[in-house]
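When you get a sec, could you build the whole thing from the sequences and use the hints?
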Amino acid sequence: MTDNRFFNRSELIGILVLAVFLVVVLPLTLDVFRLNLVAKYLTYAFVALGLVVCWGYGGILSLGQGVFFGLGGYCMAMFLKLEASSVENTKIQSTPGIPDFMDWNQITSLPLFWKPFHSLTFTIAAIILVPGIFALIIGTAMFKRRVGGTYFAIITQAVAAILTILIVGQQGYTGGINGMTDLRTLKGWDIRPDHAKVVLYFFEVGCLFVCIMIAQFVRHSKLGRILVAMREKEDRVRFSGYSVANFKIFAFCIAAVFAAIGGAMFALNVGFMSPSFVGIVPSIEMVIYTAVGGRLSILGAIYGTLLVNFAKTSLSETFPELWLFGLGGLFIAVVLAFPNGLAGIWGDYVQPRIDRLISSRKPKPEGWTDSSVADGAPAE
Amino acid sequence: MSDEETKGLLSPLRRKLLMGMAAIPAITMLPRASFAQTPATSAVNTTGLAVTDTEVTVGILHSATGTMAISETGSIEAEKLAIEQINAAGGVLGRKIKFIQEDGASDWPTFAEKAKKLLVNDKVAAIMGCWTSASRKAVLPVVEQYNGMLYYPTFYEGLEQSKNVIYTGQEATQQILAGLNWIAKEKGAKSFFFVGSDYIWPRTSNKIARKHVENVLKGKVVGEEYYPLGNTQFNSVINKIKLTKPDVIFTDVVGGSNVAFYKQLKAAGIDLSKQALLTISVTEDEIDGIGGENIAGAYACMKYFQSLDNANNKAFVPAFKKMWGEKTVIGDVTQAAYLGPWLWKLTVEKAGSFDVDKIAAASPGVEFKGAPEGYVRIHENHHLWSKTRVGRAKLDGQFELIYETADLVEPDPFPKGYQ
Numbered sequence: 001m002t003d004n005r006f007f008n009r010s011e012l013i014g015i016l017v018l019a020v021f022l023v024v025v026l027p028l029t030l031d032v033f034r035l036n037l038v039a040k041y042l043t044y045a046f047v048a049l050g051l052v053v054c055w056g057y058g059g060i061l062s063l064g065q066g067v068f069f070g071l072g073g074y075c076m077a078m079f080l081k082l083e084a085s086s087v088e089n090t091k092i093q094s095t096p097g098i099p100d101f102m103d104w105n106q107i108t109s110l111p112l113f114w115k116p117f118h119s120l121t122f123t124i125a126a127i128i129l130v131p132g133i134f135a136l137i138i139g140t141a142m143f144k145r146r147v148g149g150t151y152f153a154i155i156t157q158a159v160a161a162i163l164t165i166l167i168v169g170q171q172g173y174t175g176g177i178n179g180m181t182d183l184r185t186l187k188g189w190d191i192r193p194d195h196a197k198v199v200l201y202f203f204e205v206g207c208l209f210v211c212i213m214i215a216q217f218v219r220h221s222k223l224g225r226i227l228v229a230m231r232e233k234e235d236r237v238r239f240s241g242y243s244v245a246n247f248k249i250f251a252f253c254i255a256a257v258f259a260a261i262g263g264a265m266f267a268l269n270v271g272f273m274s275p276s277f278v279g280i281v282p283s284i285e286m287v288i289y290t291a292v293g294g295r296l297s298i299l300g301a302i303y304g305t306l307l308v309n310f311a312k313t314s315l316s317e318t319f320p321e322l323w324l325f326g327l328g329g330l331f332i333a334v335v336l337a338f339p340n341g342l343a344g345i346w347g348d349y350v351q352p353r354i355d356r357l358i359s360s361r362k363p364k365p366e367g368w369t370d371s372s373v374a375d376g377a378p379a380e
Numbered sequence: 001m002s003d004e005e006t007k008g009l010l011s012p013l014r015r016k017l018l019m020g021m022a023a024i025p026a027i028t029m030l031p032r033a034s035f036a037q038t039p040a041t042s043a044v045n046t047t048g049l050a051v052t053d054t055e056v057t058v059g060i061l062h063s064a065t066g067t068m069a070i071s072e073t074g075s076i077e078a079e080k081l082a083i084e085q086i087n088a089a090g091g092v093l094g095r096k097i098k099f100i101q102e103d104g105a106s107d108w109p110t111f112a113e114k115a116k117k118l119l120v121n122d123k124v125a126a127i128m129g130c131w132t133s134a135s136r137k138a139v140l141p142v143v144e145q146y147n148g149m150l151y152y153p154t155f156y157e158g159l160e161q162s163k164n165v166i167y168t169g170q171e172a173t174q175q176i177l178a179g180l181n182w183i184a185k186e187k188g189a190k191s192f193f194f195v196g197s198d199y200i201w202p203r204t205s206n207k208i209a210r211k212h213v214e215n216v217l218k219g220k221v222v223g224e225e226y227y228p229l230g231n232t233q234f235n236s237v238i239n240k241i242k243l244t245k246p247d248v249i250f251t252d253v254v255g256g257s258n259v260a261f262y263k264q265l266k267a268a269g270i271d272l273s274k275q276a277l278l279t280i281s282v283t284e285d286e287i288d289g290i291g292g293e294n295i296a297g298a299y300a301c302m303k304y305f306q307s308l309d310n311a312n313n314k315a316f317v318p319a320f321k322k323m324w325g326e327k328t329v330i331g332d333v334t335q336a337a338y339l340g341p342w343l344w345k346l347t348v349e350k351a352g353s354f355d356v357d358k359i360a361a362a363s364p365g366v367e368f369k370g371a372p373e374g375y376v377r378i379h380e381n382h383h384l385w386s387k388t389r390v391g392r393a394k395l396d397g398q399f400e401l402i403y404e405t406a407d408l409v410e411p412d413p414f415p416k417g418y419q
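Protein chains in written order, with UniProt numbering: chain A, 1 to 380; chain B, 1 to 419.
Don't read these hints as lab results, they were simulated from the structure.
As a list, the in silico DSS-like pairs of lysine-lysine whose alpha-carbon atoms are at most 25 Å apart:
id : chain 1 : residue 1 : chain 2 : residue 2
1  : A       : Lys91     : B       : Lys211
2  : B       : Lys416    : A       : Lys91
3  : B       : Lys187    : B       : Lys240
4  : B       : Lys123    : A       : Lys312
5  : B       : Lys190    : B       : Lys218
6  : B       : Lys207    : A       : Lys91
7  : B       : Lys207    : B       : Lys220
8  : B       : Lys394    : B       : Lys327
9  : B       : Lys123    : A       : Lys40
10 : B       : Lys211    : B       : Lys387
11 : B       : Lys123    : A       : Lys197
12 : A       : Lys91     : B       : Lys163
Keep in mind that this is a model prediction, so the values were computed, not measured.
This is the structure we're talking about:
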């Protein structure tokens, strides 16, 4: 077990616990409405996971992950919207067979760039490739010129703002501020009823674990160590002969693709997509999820996303007029008191106690302590 | 049972008769006391809504936080006032209304999530809610899927009609056409300049206005400009307005942009007492932010003004101020939101049931004589028959009623010749 390159033992236990929690505990204890909410929260977990790789390991803070979330989500939504806009569903329009918002904006035929989205295969490819290539372009333009740190964060924010304005402004092609609503079927399969929500939930959890595995692999590979080294002392890595820019671009692209998958899952689970997930505010919110969970911890980011969103929903249900203050308080408290987030609390306070408990009962197995080296996350 | 017999059963009349007959044995079994005022819960609630012998639960779903809170707070207040008044008058079918308030947080997906929560978890009998078109579009699939009843208060672009929604605000033709007719006649206006925020409502409204100006009034639209929501730089459009010298500036700029627009208009030397300006997006609520001195003289086309002089309104305004403070102002949408709970109560009483299907079917023809705007009635298309009014903004932030249509204007969400 200790030879496994992907996990050390405690990580494996952590992943199994998460799997049991998501696959067994939540579906058994929550009704379909709440389960669907969890599915919505988990779409942000993809983004948080990407941020762990890019920000936690690579030290590249992106405040524009909403861009990629949005691109993935819009690709998926375009496919679903086309399917929902069949000629018989849209008889009432002046041009039947095109999405309703196009009809409202006096567009009389389907624009060219919409046409390939009739194909599911193309759509799936687009969900990965469009954000991937976009991230590649931004990353190349920035990192090759050694733009980093704060400047990079600001530029990602600008990109988020630009994309929002573009989507809102081109409402005939994108649905504008309303977004794409009323998505109904996937290849004829109705995504709205309860049983479909359950199926989609499990599908999403499956995808999430695939992404977790990829993140784990990156972390434990040589690549992951270079990323960490780069974060700590970029010049030393460069002088050692590594192309720092390429590694940064790679981490940024991975984060982008994860976010895009999350966006696509969002469109499927929630049944619509709107520019309110693309802009600066949602992008920063996504960073907050990661920060609360702990940016150095893959599992922490997922628990952080779930916790913040649960808090958001339950606080807003209980105190509809005051909840934002509560949420703000939570963020400030976490960041001030626990800079490494939930994972930091776990690692500093809970884990040592468990270890002590176990080690006081039985002799320590060999090869255990080495694993902490692989965790590789020196304190800032 | 043969197929033909099944068909016979499905015919509406036959079904109603059968349902009536089925109710006869039920009635004989009821205890006498429940006859007086409160019909048995099992009889008025056959679909498992949150109705008990003493209470019925409805949902209030608006933004209490975020950028829309400033607009939607008035709606929340009006709905709470209406519910309190209905309860004081004995409730609905002998049951007090209890409300569950949810915050849409100016975020469309949150609206959809909360609507679903209200319908699925809380089983509310009706939802009073939404404000922007975007939030309504997000909520609409949810109320249709779970068969809820939504009372939507805002004037909006039309092009929509649902069994599950009652639109208590005006749709675009209802709001615009009479106002344009009036200004064309009164001011001899021939040339119009359109300025709007860039989203579906202003775009659709201006499309309808343009067709009306060109085809009916035989006038000309000399400019049409859109700005992103929240835009605060209107200098270039103001220069164009000065250049083209339109008879009328027709605006549907929304939210915070209004403040900048009217201040810059004034700063550029455009005097609204001489230059006619007709807006369909400024109510008393917006003037609170714009400042009366910046907009005095402009005309607004609405169905309600706080200054309306009728008996209903004279009771409504003090009641509202008593509950929410002397300083609150009441705009068009706030009044439309106030209609929601009342129309729902009247419809429930007409249908004799809380069932959503029966309410949807009973809605057309429901009249509310106590509306602050005057008499209103629900049309077959689930919009309201109501009057169009033009008011002129005064320095104190109130409107002075200048014109109102003689009759109620028919709602026409899919206007022929205007699309």
